[in-house]
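**Q** Chains as they are written, first to last, in our numbering: chain A, 1 to 116; chain B, 1 to 114.
Calculated from the structure, these hints are not laboratory results. Mixed in with the good hints there might be a few duds.
[To be verified] Listed below are several chain A residues computed to face chain B (Cβ distance under 8 Å; list not exhaustive):
no. : residue
1   : S43
2   : L44
3   : L76
4   : S89
5   : N109
[What the hints assert, rightly or not] Taking lysine-lysine pairs in the DSBU-like style, the calculated list, with each CA pair at most 30 Å apart, reads:
no. : chain 1 : residue 1 : chain 2 : residue 2
6   : A       : K66       : B       : K68
7   : A       : K14       : A       : K66
8   : A       : K41       : B       : K77
9   : A       : K14       : A       : K55
10  : A       : K14       : A       : K41
11  : A       : K64       : A       : K41
12  : A       : K20       : A       : K64
13  : B       : K77       : A       : K64
14  : B       : K77       : B       : K52
15  : B       : K56       : A       : K41
16  : A       : K20       : A       : K66
17  : B       : K77       : B       : K56
In this text, a Cβ means the ideal position worked out from N, Cα and C, and glycines have one as well.
Residues per chain, in single letters:
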Amino acid sequence: GAVVSQHPSRVICKSGTSVKIECRSLDFQATTMFWYRQFPKQSLMLMATSNEGSKATYEQGVEKDKFLINHASLTLSTLTVTSAHPEDSSFYICSAELGQDNSPLHFGNGTRLTVT
Amino acid sequence: GDSVTQMEGPVTLSEEAFLTINCTYTATGYPSLFWYVQYPGEGLQLLLKATKADDKGSNKGFEATYRKETTSFHLEKGSVQVSDSAVYFCALSDQDTGRRALTFGSGTRLQVQP
């Protein structure tokens, strides 16, 4: 079946540094990928919609200059958390769709970011 | 806007007990409905889905029926196993609004004891 690979699974960084998270669709082309953030014991909140070859669409309240999204190919989207702070510590999950109506989204295993 | 409401957890059951996790939704269009499962330390996996009213999604002994009249999509399983322990998310996709991203409920943690 379709697989989405997310890397790294865990990352610890110091405050003020930047962290890049990769999301790859392994056996299909994903024209659209989605980035979610999950706080402890809470649901997934959509951060942005990433479209191949165009600018990402950010949800209200998400700082686009802080959470840089690049979708340069049909199989890769990256999320860069710039100048990370402890409040950015969270679980980030990407997902990709196959491009068909009502096709279920396929999710990566998530990245646990801890900013010290 | 669209929203999904799930019963709060954790839900603790003994093995072979009957499971119900309630889910209701609010949507402007005619959404597709999903249940996802998240095992510890892993991402989300699609468990089942239903795309129109009265559809029943089923998988691995779990089932849920799309009830438009009550705007509900309750998850049920007749006999749970320890391996079913996970967090379950109800979600909707309302493509009528042009939004393809999923809207999730808050998740319900299920703990099954031997």
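**Q** Would you mind marking each hint as holding or not holding in the structure?
**A** To see whether the hints hold, each was checked on the structure:
Taking 8 Å as the C-beta contact cut-off toward chain B, the hint placing A:S43 at the interface holds, the least distance being around 4 Å. Interface hint status for A:L44: upheld, as the beta-carbon distance to the closest one in chain B is roughly 5 Å, under 8 Å. Interface restraint check: A:L76 against chain B, minimum CB-CB distance 17 Å, threshold 8 Å, status violated. Annotation: A:S89 was flagged as interfacial toward chain B, and the flag is violated, the nearest CB pair being 17 Å apart, outside 8 Å.
The criterion of a C-beta within 8 Å of any C-beta in chain B is met by A:N109, whose closest approach is roughly 4 Å, and the hint holds. Between A:K66 and B:K68 the alpha-carbon distance is near 40 Å, which puts this suggested pair outside the 30 Å criterion. Among the hinted pairs, A:K14 with A:K66 is consistent with the structure: their alpha-carbon atoms are about 16 Å apart, no more than 30 Å. With a C-alpha separation of about 23 Å, the suggested pairing of A:K41 with B:K77 holds against the 30 Å cut-off.
Restraint check for A:K14 and A:K55: satisfied, since their Cα atoms lie roughly 28 Å apart, inside the 30 Å limit. Of the pairs offered as hints, the one joining A:K14 and A:K41 holds, with about 24 Å between alpha carbons and a cut-off of 30 Å not exceeded. Simply put, A:K64 and A:K41 have alpha-carbon atoms about 25 Å apart, close enough for the 30 Å limit, and the pair holds. Between A:K20 and A:K64 the alpha-carbon distance is near 14 Å, which keeps this suggested pair within the 30 Å criterion.
Simply put, B:K77 and A:K64 have alpha-carbon atoms about 42 Å apart, too far for the 30 Å limit, and the pair is violated. Restraint check for B:K77 and B:K52: satisfied, since their Cα atoms lie roughly 21 Å apart, inside the 30 Å limit. Restraint check for B:K56 and A:K41: satisfied, since their Cα atoms lie roughly 28 Å apart, inside the 30 Å limit. A distance of roughly 12 Å separates the Cα atoms of A:K20 and A:K66; the hinted pair therefore holds under the 30 Å criterion.
Taken as a hint, the B:K77 and B:K56 pair is honoured in the structure, with Cα atoms around 13 Å apart against an allowance of 30 Å.
Hint compliance for this structure: hints 3, 4, 6, 13 are not met, and every other hint is.
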